[in-house]
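According to my numbering, the residues represented by the sequence shown are 257 to 1212, in order.
Source of the hints: derived by calculation from the structure; they are not laboratory data.
All figures in this text were calculated on a predicted structure; none of them were measured in a lab.
Don't take every hint at face value.
Within a straight-line C-alpha distance of at most 30 Å, the following computed DSBU-like cross-link-like pairs (lysine-lysine) qualify [unchecked claim]:
{"hint": "1", "residue 1": "396", "residue 2": "480"}
{"hint": "2", "residue 1": "304", "residue 2": "409"}
{"hint": "3", "residue 1": "290", "residue 2": "396"}
{"hint": "4", "residue 1": "290", "residue 2": "304"}
{"hint": "5", "residue 1": "399", "residue 2": "409"}
{"hint": "6", "residue 1": "480", "residue 2": "290"}
{"hint": "7", "residue 1": "396", "residue 2": "409"}
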Amino acid sequence: MVLRDGGTARIRPITTDDAERLVSFYEQVSDESKYYRFFAPYPRLSAKDVHRFTHHDYVDRVGLAATIGGEFIATVRYDRINAQGLPASAPADEAEVAFLVQDAHQGRGVASALLEHIAAVARERGIRRFAAEVLPANNKMIKVFTDAGYTQKRSFEDGAVRLHLDLEPTDRSLAVQRAREQRAEARSVQRLLAPGSVAVIGAGRTPGGVGRTVLRNLLDAGYKGRAYAVNRALPDTTTSLDGVPAFRSVADIGEPVDLAVVAVPAERVPEVVADCGEHDVQGLVVLTAGYAEQGAEGRARQRELVRQARSYGMRIIGPNAFGIINTASGVRLNASLAPHPPVPGRTGLFTQSGAIGIALLSGLHRRGAGLSSFISAGNRADVSGNDILQHWYDDPDTDVVLLYLESIGNPRKFTRLARRTAAVKPVVVVKGARHSGSAPPGHAVPVTRVPHATVSALLRQAGVIRVDTVTELVDAGLLLAGQPLPAGPRVAILGNSESLGLLTYDACLTEGLRPKRPRDLTTAATPRDFRTALAEALRDDTCDAVVVTAIPWVGENGATESGDGEVLAEALRAATAEAPAKPVLVVHVEMGALADALAAAASTAPGAPAAPAGAPGAPSAPEAPGPAAPAPGTPEAPAPGAPAPRTPEAPASGVPAEPAPGVPGGAYRIPAYPAAERAVRALAEAVRYGQWRRQSADPGRVPEYEGIDETGAAAQIERALTRGVDERGLTLAPGATRELLGRYGIAVRPTLPAPTPDEAVRAAGGLGYPVALKTTAPHLRHRPDLGGVRLDLATEEQLRAAYAELTESLGEPEELQPVVQAMVPRGVDTVVRAAIDPGVGAVLSFGLAGAPSELLGDTAHRLVPATDRDVAEQIRSIRTAPLLFGWRGSAPVDTAALEELLLRVSRLVDDHPEIVAVGLEPVVVAPRGLSVLGATVRLAPPPAWTDLGPRRLPSY
């Protein structure tokens, strides 16, 4: 797992083979720490002590050790306490717990990590409380217990503090655990991105090659730390490469090395990792290929690489990585194969593919967008997108997050982290390999195969901006990094082409925006006309964003003017400085000079770092006079007429706009797009994100309903599972299903079997006419179009006639399995489902019954537990939702009852993880109330979650 300072340690059980390690560990602990542990001078462990501390039954006595490099750095142990009045063989639910941490590793969060793990072990073995005696002077250990977030009691007995911890997780203990996880994983990434020294291992003696290229890129970027070249083939007379000290090994450097970039053949990597680990290198960027992307042998090599690096407490980016970049002025790190690093900016970029990373860097570079940092994780055997999100969440240099993902190893955790990050800064994701059914072969973490539509819906729920292509990723990132968030969907369109304006208008309608009629400035419009019209549109209170369309204009002599884009760019920038801050986008046709001028403005703003040669923003002539956008983060007063900037943490609705993160009010970069559809799609994503952001402050609540029998449901589930189930689980019988759902206030209409006409008549008499007669054969179930359903049978004669017709046309009763059910009020047939995926967790699904959900995939998904806001949006998000709200004059149905049903199903599966699937079909929603006509429930032993329990790195 990752420790507080970003390093890693392994936590494992103490075994009988650990006697020497335990003695060695104890010898390195200070006398003071020994005194705090044993309440007396205890200079050494006796043979009896060593035997006692290394022999456990792993039920009543359990010992864990934290190790680095195979050596103990801390231990924890519990011993179960037999309750008074119970026989010695009877298990108690309380245990005594004690810790010992090597002094050199105190303050790294080791004890807190061990407490999480030993508590989880104890809970699995029926222990509900820990008791601990701590000397009053041992403030560090007291703080470990008090800060854990568990319910506790404290007393003072016989000169010691007696603590009792209730091990049942609480909201506070979970929050503490998640906060520690975020700080630790963010710190581990920060150590990689901001090293004080870098060694490039594998830098060749001649120019060219991967290692020498990285070394050259590192130096060309102006890296602020100490750089070293390492190559075991260097002659003894070689003392430098490219002007930096050169050595044959990390051991020869003789100074601390924070980061090692590894570019040696795969067979040599193990010795390099050992050299780095023995000399306290903090992290590795492994560019070397030849790992899991090359099959089983490479996968085994990759597994050993991770095991070896973690044994030394190091984290890895890669293998098969493209590298990392940090443009911060105090770092200026380009430990990658990118020859032209991006200009400094406020956007973070993560990719799992080196090729896509090159394309994205090039696209952003060409359009003048700067980056704060870039990570290409390759096979992501260790550091993943989740780790990077932890870093960017509170990184003051990053305001927009762009992610290219080909696989999501832990969707449950990713969704949680993305939702938290999206609440403070935009997160844009493009998912590759959507239709291949599997991730690229090199990816280390097992991939959960969640349907693409489900993943998209869950990411939307988390506030993630989900796009389909890398082009859209750049388009959206460019807008979000340089423009304020729109306050609503109202769009003004202006420009010098009526046709281009109409195309933009149509694109807005397609994306669900509310465009105003385009304003045609005619082809004779001058840059001054554009400036005046844009300023007027920005001051219009009925407008939330402006799209400017531009084609080459006609000059005074009648000639077409297309080259002087700088003049028009300056006019547009001037207008944005004069008016309230709202998003402005430019759609240009055959005006590359305009796009270049707008891109250059971002890179040449006063105070901005100089752009590298050849980059946008490195003009050969001085800029035209006029206001220019200041560098991100520059303290500059807003332009006249612009509202005061607001922070992204406090979005406000009903105001003209929200400033882009990190951009002073009035000073914005105007993004340019070569097609109206691309600009409008990016704007629509910003509108939807802005709406989600404003609502995220109030995510809703999980209602408490009276009459829920959680205890009775748990007992019923336990009884069912004790009868024995296979790995696929157990489907409850109809009667048991109705009983279980009824404990949560979900009433299922009774269905009575009708194997003969006489039985059908008796069933109808008990239910009351009118009734429905339908088959339950699998091939006819939920298929009224095949004639397996007869409705509104009001008399015995009608029922017998329908029974005869059914059997004559479709088959014998034994095959059809007919049933009788009372008629319910007419309404809209819907489907409610909940299913548990080991990677994502419980997912609540809703759609209309029949073709809309089955054929068209018109189903909405939300994570469990769902809030009242979640289910309200879920019902309204399907394309066929108008059928629920009075489409074409029909009566609106009772959506309040439908929302309550969804919330009750959510509560049921959240309370009982053994419920792995619930299906309610059909659910007939009438103008007043609803009726559940069919239900199934499947049980199985609860799955092992990938995002609950004590913190840990993915096993590999």
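Non-conforming hints, listed in increasing numerical order = 1, 2, 6
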